[in-house]
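> Take a look at the letters that make up each chain.
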Amino acid sequence: SQKIEQNSEALNIQEGKTATLTCNYTNYSPAYLQWYRQDPGRGPVFLLLIRENEKEKRKERLKVTFDTTLKQSLFHITASQPADSATYLCALGHGTASKLTFGTGTRLQVTL
Amino acid sequence: KAGVTQTPRYLIKTRGQQVTLSCSPISGHRSVSWYQQTPGQGLQFLFEYFSETQRNKGNFPGRFSGRQFSNSRSEMNVSTLELGDSALYLCASSSLTGTQETQYFGPGTRLLVL
Chain A
117 SQKIEQNSEA LNIQEGKTAT LTCNYTNYSP AYLQWYRQDP GRGPVFLLLI
167 RENEKEKRKE RLKVTFDTTL KQSLFHITAS QPADSATYLC ALGHGTASKL
217 TFGTGTRLQV TL
Chain B
281 KAGVTQTPRY LIKTRGQQVT LSCSPISGHR SVSWYQQTPG QGLQFLFEYF
331 SETQRNKGNF PGRFSGRQFS NSRSEMNVST LELGDSALYL CASSSLTGTQ
381 ETQYFGPGTR LLVL
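Line order of the protein sequences matches chains A and B. If you use my numbering, the first sequence corresponds to residues 117 to 228, in order. If you use my numbering, the second sequence corresponds to residues 281 to 394, in order.
Mixed in with the good hints there might be a few duds.
Unchecked claim - Computed list of chain A residues with no C-beta within reach of chain B, every gap over 10 Å:
| no. | residue |
| --- | --- |
| 1 | 200 |
| 2 | 215 |
| 3 | 217 |
| 4 | 227 |
Unchecked claim - Here chain B is said to cover these stretches of chain A; the calculated rule only asks that three of the stretch's residues, wherever they fall, bring their Cβ under 8 Å from a Cβ of chain B:
| no. | region |
| --- | --- |
| 5 | 123-132 |
| 6 | 192-199 |
These aren't lab readings, by the way, just hints derived from the structure by calculation. We treat Cβ as the ideally placed atom computed from N, Cα and C, and that holds for glycine.
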């Protein structure tokens, strides 16, 4: 069955450092992968989308890589700030359907 | 543009009852998806509606149902509630951009079943 794994434990990082979150998947060939941010008590917010034929995507302090051979995506936040503290979810999709398969998320805590 | 809205935001029900949750998508969005989020299982896809038709369905029992109206507003219904149905129910709307889609989530309805 399809399985998506993200860092199960919370990730604690010091302000100014680069946070790297991992998303690994098995038994799946996604056409694209998305990253979302979720704050407590709120719905996820879309951050970035990367397609299967793209290796890397950047948006301001965010960078995502997608390695379909390793079946892995890495999500980087450079110069992290306390306001970046949240849970980050990766989601895999295929085709035009809105059905996304989400990972369980990684909680990031950025401290001063 | 106004975001996705969901009502009610919080709900307490007892086992055996039924519940209806409502979602209004972003104006112009025709696709509405529903997800259940629990601490143990994470976000799980329930179903998706597009132009009043169910286009995709997740692996949930028939007690979970939904519908979409001509104005794209959607409702989901859970009958014969069980304790395990306690969760955050999220609605997401999307607008096709090429062949991929971005989901815009609402704030969710937190359902507690006692």
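> Hint compliance check: list the failing hint numbers for this structure, sorted ascending.
Checked against the structure, the hints that fail are numbers 2, 3, 5 and 6, while the rest are satisfied.
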